[in-house]
Structure formats: structure tokens, C-alpha cells
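*Asks:* Sequence:
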Amino acid sequence: MEELRTKPKNHEVSLIDYVIIFFKRKTMIILVTFAFAVATAIISLMMTKIYRAETKILRPQQSPGIASQLMGQRVGAAGLTESMLVLRSPNALYVALIQSRPIMEDIVSRFNLVEVYDSMSILNATERLKSNLKIKSSSRSGIITIAIEDTEPQRAADIANAFVEELMNLTEQFAITEAAQRRVFFAAQLQDAKETLIKAEEDMVELQSRTGAIEINEQAKSFINAIERIKAKILEKEVELRVMKTYSTSYNPDLQKIEAVLRGLRAELKKLEPGKGGKYYDLMTAENMPKVSSEYIRKYRELKFSETLYEIFLKQYESAKFDEARDAVVVQVLDKAVKPEKRYRPKRRQMVVIGMFIGFVFSAFLAFLLEYREKIATDPRNREKIEMLKRYAGFRSEK
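The numbering of the sequence shown is this note's numbering, which starts it at 818 and goes up by one.
Hints in this document: simulated from the structure, not taken from any laboratory. Where is the CB? At the ideal position from N, CA and C, for every residue including glycine. There may be inaccurate statements among the hints.
To be verified - The following label-pair restraints were derived from C-beta to C-beta distances:
id, residue 1, residue 2, range
1, M864, T844, 25 to 35 Å
2, E944, R1165, 21 to 31 Å
3, E1188, E1158, 43 to 53 Å
4, R1083, D1009, 16 to 26 Å
5, I939, A1210, 16 to 26 Å
Go ahead and model the full structure; you've got the sequences and the hints to work with.
*Replies:* Given below as C-alpha cells:
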């Protein structure tokens, strides 16, 4: 019984057995590994060279603007969460602009990439360009890295720099900052006021040439001017209130102040307007004035109102332009892309090392397989089992 315990089993395999197999099949392992390395090296030499050019830009530094105002007011939980999400990823806006369709299509047209990439359409060339575009964004440092991979080193550098140029052009076109949004709004209002003023001037000239009316009572003029000034102030405050409501809540003290001023101006206008208990008709009534004078007063009032309105919007527009220039979105280039001297891909040395590793693993597996086959061939019991397996599998017909 003791002898059976101490007697080693025949099927046990130790580490030295594996080492013996390696040395026994070392020639084959070396040749297969070398063959894989040579084949990988040949493949890497046949692959197209890819160059990579990078440019780095600094995220435009903006004033807190709308987000900070929302944070400082008593807003709801949903508004606060949205503001925090916007501030949490400040680079996301510019990364999205770089990958936007207008910029991508401009780059494709600028470098004729439909022909370069041998694409069927601009859409296919845009998708190919997007796959060659690599963007890394660091929210902590504010640096955005734009990398382009291309078969031509100079073209890779030119395309990378072109992305920065197109980004600058796009940020100038879109109203990103609060000041830019106000500038766009007042530009439209100024254009409307200008057209209204031109129409009022033409109507006044037409009336004067038709009737010969030049002046009216100075006291009536003063009351008309007072009424139109108040109306213009009311309109100015209404516009200011409408703009502020786009980025403020009803709890904003500045917004509440404007609403209070607006109520006071409307009450003052009510006292001066004709037919509403004011003094206008006490001094000048339609019954006491010729028909021409009434028409002249109406045209003069419209002209003065249009002039005042135009001046108000012009001041607001100039102020918004100044604020926009002060808070302009400026993309700063930290590292301009230059022509790369070395290829980025294929990485031949790395490919050969990987090929050698795969060849070594494959040859080791093949060595163990051959060794196992050799042992089966020398063992009579295994030969009988193999013959039985072939017979049952149908490889050999029974006699």
C-alpha cells in the first residue's frame, strides 16, 4: 500500500516537461516567430503612411453672463441644475462647433477633399474627414487640441489650422455672448425704427409741399413733444423689460424696478393724452384748429416719435456693440500646427513586436500540438482509440 502511494503517476506533467518541449522544438519556434516578424514588417512597409498634425487653442474666456445671473437669483431646482451642467463642461460648446456641419463642409470645399478622398459626395467626404479628426478637450486647463491625420504631412497641418480659422469665423457669425444677443436684437429694432422714421419724414415732406404748412403753435408743440417723449420712454422700458426677461426671472430686482418705472410712465401718459382727463384739449382742441393744422400736428407727432425711437435704439445698439467688443469671444492659438516630419502610422516597430509575440504564441501552441500527436502515435492504447474514433466517425468503413 505504501508503495502505491509513493509511486509517481505516469500522466503527471511537471514544468520541466514543458521546458523540454520548448528546447526540443526550438528550431521550429524560432523559425515561425521570425516568419511572423518578417511578414508583419513587410505588411507595415506596404501600408500607407499617415501623418498627424496638431494645433492647440485656449478656450475663449467669457464673462459669467446669463449663467451667473441665474445662479445669483432665487431660481428653481431645474434651472439651477441646468446652469451647473452648462458650467461643468465649458469646452463642449466649442468642440461641438468644430465638429458642426458648416465647418466640416467648408473644410471639404476649401481643400477639395471630395477628390482627395475619392468620395462620391460631400457627405461621404465629410464623414471621412470626421474620422480623421481627433479632438481632445481639457475642461480644467481650457485647452482644446485639434489633430488631423492625413497621407500628406503639409495638408494635415493646413487642415488643422483651417479648423481654427473656421471656428473663429463661426463664432463671429453667431451670437454666443449675452452682449451679442442684445446687439442682434437691437439691430433688428433699429432697422425697423429707421424705416418708420423715413416713412414719417416722407409723409411730413409730402404734407408740407401739398398744403404749405410750415409751423404750428409752439405751446402745442411742447405738449406733443412731452407726450411723445413719454411714449418713447415707455417703449424703451418695454423693450428693455422684454430683453431682460430672456435671461432673468420675475424675482430679479432690476426687472422689478423697470416694471415699477413703466407703471409710473403709463400713469403720467394717461394724464396728458387727449380725451383722458389731461390738459391737451384745454389748450388745443380739434374744433378750434383748421383741418390742415390737425393733420400737421398728427404728422409732426409721428415724426418726433419716430426720431426719438430711432435715437433710443441707436444708443442701445451702440452700447451693445461696445459690450460685445469688450466681451468678445476670442480664440487664442497656443500651438499652431506645423508640417510633421515623422509618420504617425503605421508604427512599424510596435507592429513587428506584436507580430513576433503572436508568432511565438502560435509556434508554442504548435509545438505542444505536435508533441501531443507524437505521444499519441507511440502509445498503443491511444492508437486503438483513434482507430475506433475514425471507425465510428465514418472515416473508415467496417469490414
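*Asks:* When the hints from earlier in the document are held up against this structure, which numbers fail?
*Replies:* Failing hint: just 5.
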